[in-house]
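Asks: Each residue of the sequence shown is one higher than the last, beginning at 1 in UniProt numbering.
It should be emphasised that the hints constitute simulated quantities derived from the structure, not laboratory data.
Incorrect hints may have been included.
[To be verified] Straight-line Cα separation of at most 27 Å, DSS-like style, residue types lysine-lysine; simulated pairs: (1) Lys112 / Lys148; (2) Lys74 / Lys112; (3) Lys112 / Lys65; (4) Lys76 / Lys65; (5) Lys112 / Lys76.
Only a predicted model underlies this, so the values are computations on that prediction, with no experimental measurement involved.
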Amino acid sequence: MLFVLLLFLPEACATRYLTGSVVHVADGDTFTLLIGDEQQRVRLHGVDCPERGQPYSRVATTFAKEMLASGSVKVKEMNIDRYGRVVGVVYIADSINLNVRLLNEGLAWHYKAYDNDPLWGAIESDAREARRGLWSDSNAIAPWRWRKGVRAEGE
Numbered sequence: 001m002l003f004v005l006l007l008f009l010p011e012a013c014a015t016r017y018l019t020g021s022v023v024h025v026a027d028g029d030t031f032t033l034l035i036g037d038e039q040q041r042v043r044l045h046g047v048d049c050p051e052r053g054q055p056y057s058r059v060a061t062t063f064a065k066e067m068l069a070s071g072s073v074k075v076k077e078m079n080i081d082r083y084g085r086v087v088g089v090v091y092i093a094d095s096i097n098l099n100v101r102l103l104n105e106g107l108a109w110h111y112k113a114y115d116n117d118p119l120w121g122a123i124e125s126d127a128r129e130a131r132r133g134l135w136s137d138s139n140a141i142a143p144w145r146w147r148k149g150v151r152a153e154g155e
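Build out the structure end to end from the sequences listed, making use of the hints.
Replies: See the structure below:
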């Protein structure tokens, strides 16, 4: 019996990758991937870009659109969220990590509630210290606070 279970273990633990073409970019951290004839919404794992109406929201969306249009897109599935979106790490042309690029450009927060990668935290810290992108505003409001109605520091 144990032998039979061990036969299926590698498949159960295998990382799932999705490959397709991007048909729509909703914002800096959400897009729709066409896989065959099926569309799948994708949310970037471990990062949170500014919401519509926040400073740098359009910049993050434009950056994501340009990056996603520049090569083949592969998504390493990390999870499925409550909205049915694949939450993943996005690779462009097999080598460019979109999640990391958004952090490096100062166009996203490291979403530590869902990812504890110290490297990603360090990349965000470097962007903050260099005052790149949204970090040029010393009062930048994290999107998870913005969604709760916080519009100014101290609220």
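Asks: Hints first: check each against the structure and report whether it holds.
Replies: Evaluation of the provided hints:
no.: 1; hint: Lys112 / Lys148; verdict: 17 Å, holds
no.: 2; hint: Lys74 / Lys112; verdict: 23 Å, holds
no.: 3; hint: Lys112 / Lys65; verdict: 24 Å, holds
no.: 4; hint: Lys76 / Lys65; verdict: 19 Å, holds
no.: 5; hint: Lys112 / Lys76; verdict: 18 Å, holds
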